[in-house]
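Line order of the protein sequences matches chains U and E.
For the first sequence, position 62 (counting from the first letter as 1) is numbered 62 according to the numbering used here, and the numbering increases by one without interruption.
For any residue, its number in the numbering used here is found by taking its place in the second sequence, counting from 1, and adding 418.
For the record, the hints were derived by calculation from the structure and aren't laboratory data.
Just so you know, these numbers come straight off a predicted model, no measurement behind them.
Treat the hints with care, as some may be off.
[What the hints assert, rightly or not] A partial selection of chain U residues facing chain E, derived with a Cβ cut-off under 10 Å:
id, residue
1, S6
2, N14
3, A46
4, S57
5, K148
6, D149
7, T176
8, E379
9, D380
10, V386
11, L390
12, L402
13, K406
[Said to hold, decoys possible] Which bits of chain E does chain U cover? Going by a derived footprint, with three or more residues having C-beta under 8 Å, they are:
id, region
14, 871-881
15, 897-906
16, 916-927
The beta carbon of each residue, even a glycine, is placed where N, CA and C say it ideally should be.
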Amino acid sequence: MRISSSYFFQTGLNAINAQQSDLLHLYQQAASGQRMVTPADDPLGAAQAVNLSQSQSLNERYAANRDVLKMNLGNEENALNSVTTLLQDIKTRLVEAGNGTMSDADRATLADVLRNSKETLFGLANSTDGNGQYLFSGFSATQPAFVKDAGGAVSYAGDGGKREIQADQTRRIAATDLGSDVFARAASGSRAYLTQAGAGNQGTGLIGAPVVTDAQGEHVGMPFTIEFTETAGPDPVLQYTVNTFDADGDPQSYGPIDYEEGTTTLQLPGGVQVAFSGQPKAGDSFSVEPAAHADTELNVFDTLDAIIQALETPNDGDELGQAKVANALASAMQRIDVNYNQVLTVRASVGSRLNEIDAIDANGSSRGLSYANQLSKLEDVDYYTVTTQLELRRSALEAAALAFKKIQGTSLFNMGSS
Amino acid sequence: MNLANLGLSGLAAATARLQTAGHNINNAATEGYNRQSVVVSSAGGRNMGYGFVGQGVRTDSIERSYNNFLYRQLVNAQTTGASLVSYGTEITQINNLFGDRTVGVSPALQKFFDGMQAVASAPADPAARQELLGRASSLVGQINDANAFLDSQRENINTQISTVVTQINSYVERVRDLNQQIVVAKASSSGQPPNDLLDQREQVLSELSQLAGVRVIEQDGSFNITIGNGQVLLGGDTVFPLQAVPSADDPTRLVVAYSAPTGSGRTTLVEMSDASIGGGSLGGLLQYRSEALDTVQNDLGRLAAGLAMAVNEIHRQGYDVNGAAGVDFFSLGAPKVIEAATNKGSAVAGAVLTDANQLTAQDYRVVFDGSNYQITSVPGGSVVYEGDTLPASFDGVEFDISGGTPMAGDSWLVQPTRNAAGSLKLAIDNASQIAAAGSAAGEADGDNALRLAELQTGKTLGRGSMSLNEAYSQIVNKVGVLTQQNATASKAQATLIQQNYAAQQAVSGVNLNEEYVNLERYQEQFRAASRLIDVSSTLFDTLLGLRA
Chain U
1 MRISSSYFFQ TGLNAINAQQ SDLLHLYQQA ASGQRMVTPA DDPLGAAQAV NLSQSQSLNE
61 RYAANRDVLK MNLGNEENAL NSVTTLLQDI KTRLVEAGNG TMSDADRATL ADVLRNSKET
121 LFGLANSTDG NGQYLFSGFS ATQPAFVKDA GGAVSYAGDG GKREIQADQT RRIAATDLGS
181 DVFARAASGS RAYLTQAGAG NQGTGLIGAP VVTDAQGEHV GMPFTIEFTE TAGPDPVLQY
241 TVNTFDADGD PQSYGPIDYE EGTTTLQLPG GVQVAFSGQP KAGDSFSVEP AAHADTELNV
301 FDTLDAIIQA LETPNDGDEL GQAKVANALA SAMQRIDVNY NQVLTVRASV GSRLNEIDAI
361 DANGSSRGLS YANQLSKLED VDYYTVTTQL ELRRSALEAA ALAFKKIQGT SLFNMGSS
Chain E
419 MNLANLGLSG LAAATARLQT AGHNINNAAT EGYNRQSVVV SSAGGRNMGY GFVGQGVRTD
479 SIERSYNNFL YRQLVNAQTT GASLVSYGTE ITQINNLFGD RTVGVSPALQ KFFDGMQAVA
539 SAPADPAARQ ELLGRASSLV GQINDANAFL DSQRENINTQ ISTVVTQINS YVERVRDLNQ
599 QIVVAKASSS GQPPNDLLDQ REQVLSELSQ LAGVRVIEQD GSFNITIGNG QVLLGGDTVF
659 PLQAVPSADD PTRLVVAYSA PTGSGRTTLV EMSDASIGGG SLGGLLQYRS EALDTVQNDL
719 GRLAAGLAMA VNEIHRQGYD VNGAAGVDFF SLGAPKVIEA ATNKGSAVAG AVLTDANQLT
779 AQDYRVVFDG SNYQITSVPG GSVVYEGDTL PASFDGVEFD ISGGTPMAGD SWLVQPTRNA
839 AGSLKLAIDN ASQIAAAGSA AGEADGDNAL RLAELQTGKT LGRGSMSLNE AYSQIVNKVG
899 VLTQQNATAS KAQATLIQQN YAAQQAVSGV NLNEEYVNLE RYQEQFRAAS RLIDVSSTLF
959 DTLLGLRA
């Protein structure tokens, strides 16, 4: 075959160009550290990298979300820790107040101490996070969770919104709890009962220590009221009627039953028993409410207000007054116990949420590693391969150039002139 | 005694050969040059009674080493090669545009949803909201930018089409001129081939073929040229020029039109379909526009439409910082409906996007036949709607006529997502308008932001098959595959061209070593012929000396 001179030059040029463009591609790979310089180098890999990088960025986002969660829950845990200590302290004071040897002045002092505790608790219930958002007010983060009216009564002012944060692809975790749940509700499933004497009672009947004697009892879980009446006639007999509700929520009455003086307990129909002593009068009433019932008012601040008011009422030498304080104390202690248990329950739930977050964190970081690994496999260049290739191509280019020069040098015209 | 004449004929042949070798050497690097050689024959002998005594050498002609088959093969290969190269030049640009996953639409999309999560985690934090607004605006900017790049490429292709069309016309005129010169040269040289003019004409033709695939019919030594499905560019001495005109379907795209004779010397312009022009850089451009640019821009538009519609729908269900109901987060222009230039009716047509998940990233043609509307996808041509009632719903789009009356034969081109990526805008301008809350209750409510953040992985496109990010990765993949195919085809074509060039050059190319040898050889012939004259002169002298 004849080789035309321009074909010879063209071929030499093409060969050198091809080698150089390969070399350039290898150089770009080595310099950028990327296996794919453009999507055309590996269209499928490039598309996978786009999707993987989204998974990776989502994974990082969830980790950041969990950091927010940890911070919020940490704040809540701190606040609840203080609340726990405070409630323990309040319980101790209430036991002290039950000491029968206290004078009016002693009780007034105790009332002051409790008033201070109430203020502290009010402050804790209105805890804020680092951004000044109230922890316990639901969605209304700029609204204090609890507000005080002119008379000093404290009520929940937040809403029922649950602040949830996406902790990973499928799990949302509540970042806070509602003040109305923490400070004004019994733990769900609580079987505790609360007693209270009617405000206008004229007798010295004392009620307390409610217990469920038969867990399967017909009226367990329902509120009871005990009302004292007298039979008409010259020789009145003190009787009491127990009002409650049946399983369908319809009112149901038991009695009147004759009241036996000197009794220590009253067996309420349907599985609940209360300690009862003293001398009630006709017209007196007592209530026995389940703590977990929807109608039960469990606001810890109201409880404190009630006991403070009772303690501040002078009653030295006044049997009726002493009975009122005793009933109020009993009621308050039962309530504070329920609140205390609820705070512990919420704390436990915060702790278990933090545990869960730790577990998800561990998952997330191993997932992150796997994403990074996959991305690296897709995108990163293998330096050993590239440098070897680079060396190989460089020699190939040198060889092509050298060969071209050598062969070109054999032109007869060149020989003639030399 | 004719030794001197004998020498003279040898000198003449040697001179012609030396001159031709010199011509070859000089044109060794001339594009399109075919090696020439001198055709000689023996001048025959004179009958002397005792036999025929040779009368020397006769120089018959100068011919070129030319093989029509090899030349045509080379030109065909170059036509395809030029088409692949111009396609490649264009697609490489968008390949680079979508190349880096760390810049552009994909990271902006991720950052937008990342910002949404941040707002969901801390809805009352004004900084998080402000950042989300900034990221949303940057996402819109990235999508607009990518679309603007595609738009500018479309403009650029229009410019290239008109330039190439002008070039084609000028090449055709040069072929006509050369046709005429060749005829004249042949006539004035008693049929001897004007080799260099022939070379020039073939070179012009080969350059023309790199602009567009043309067909050549040789008639009495003149070239006639046709393009496409036989549209005549050069017939005899008449040039029928091409023209770049805005398409009747879509005035934003230039198409090629040819001049069809209508009798009595007049012509009319007729649009040529893009597919009918194959090969050459023009063919490559047209193929790139319909195969890659249109689909990529539609895909990007679908992504923008999917983003806007999905986010808006959820955003409207939420409440902003002030407890007001959410408004649209993004705004999106209405789909493009282009009325055919040939429409006779007065109908004003429009379309709206109804369901992003059903969008197909295709265009549609609506044809009214007097009673029925038929809607077909473009390209593809499958019928998606046929009926006499409007609005017509198909593939997430609703087409309707808002006023006037259509007439039979009217048609419209609907481009549901072509301009969506360009018309995407941020509809809210204040961070407090972000409807993160699921209820009007409070500022720490991030329920709606959580739902919005879920859109990042939600399958909101392609009939529930793709998330937004996956839709983007599909574009990257599509562009990558097309670029890779083009690169592979280009490489193979370059090799083919190289082979054809080698075969053509083996016949027609100049080999300098060969010419060197020829020079030596003909120089020797020249010397030998001179020697004949010398001998003749010596002989003559001898005769003269006899007398002396």
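Results for each hint:
1. S6: 6 Å, holds
2. N14: Where the cut-off is 10 Å and the nearest Cβ of chain E is about 7 Å from N14(U), the hint holds.
3. A46: 5 Å, holds
4. S57: 4 Å, holds
5. K148: This hint is violated: K148(U) lies away from chain E, its Cβ roughly 20 Å from the closest one there, beyond 10 Å.
6. D149: 21 Å, violated
7. T176: Interface hint status for T176(U): holds (8 Å vs cutoff 10 Å).
8. E379: Since the shortest Cβ distance to chain E is 8 Å, the answer is holds.
9. D380: D380(U) check fails; min Cβ-Cβ to chain E is 13 Å, beyond 10 Å.
10. V386: Where the cut-off is 10 Å and the nearest Cβ of chain E is about 19 Å from V386(U), the hint is violated.
11. L390: 21 Å, violated
12. L402: Because about 21 Å separates L402(U) from the closest Cβ in chain E, which is outside the 10 Å limit, the hint is violated.
13. K406: 15 Å, violated
14. 871-881: holds (count 3)
15. 897-906: holds (count 6)
16. 916-927: Coverage by chain U holds for the region 916-927 of chain E (8 residues, Cβ < 8 Å).
Consistency with the previously given hints fails for numbers 5, 6, 9, 10, 11, 12, 13, ordered from lowest to highest.
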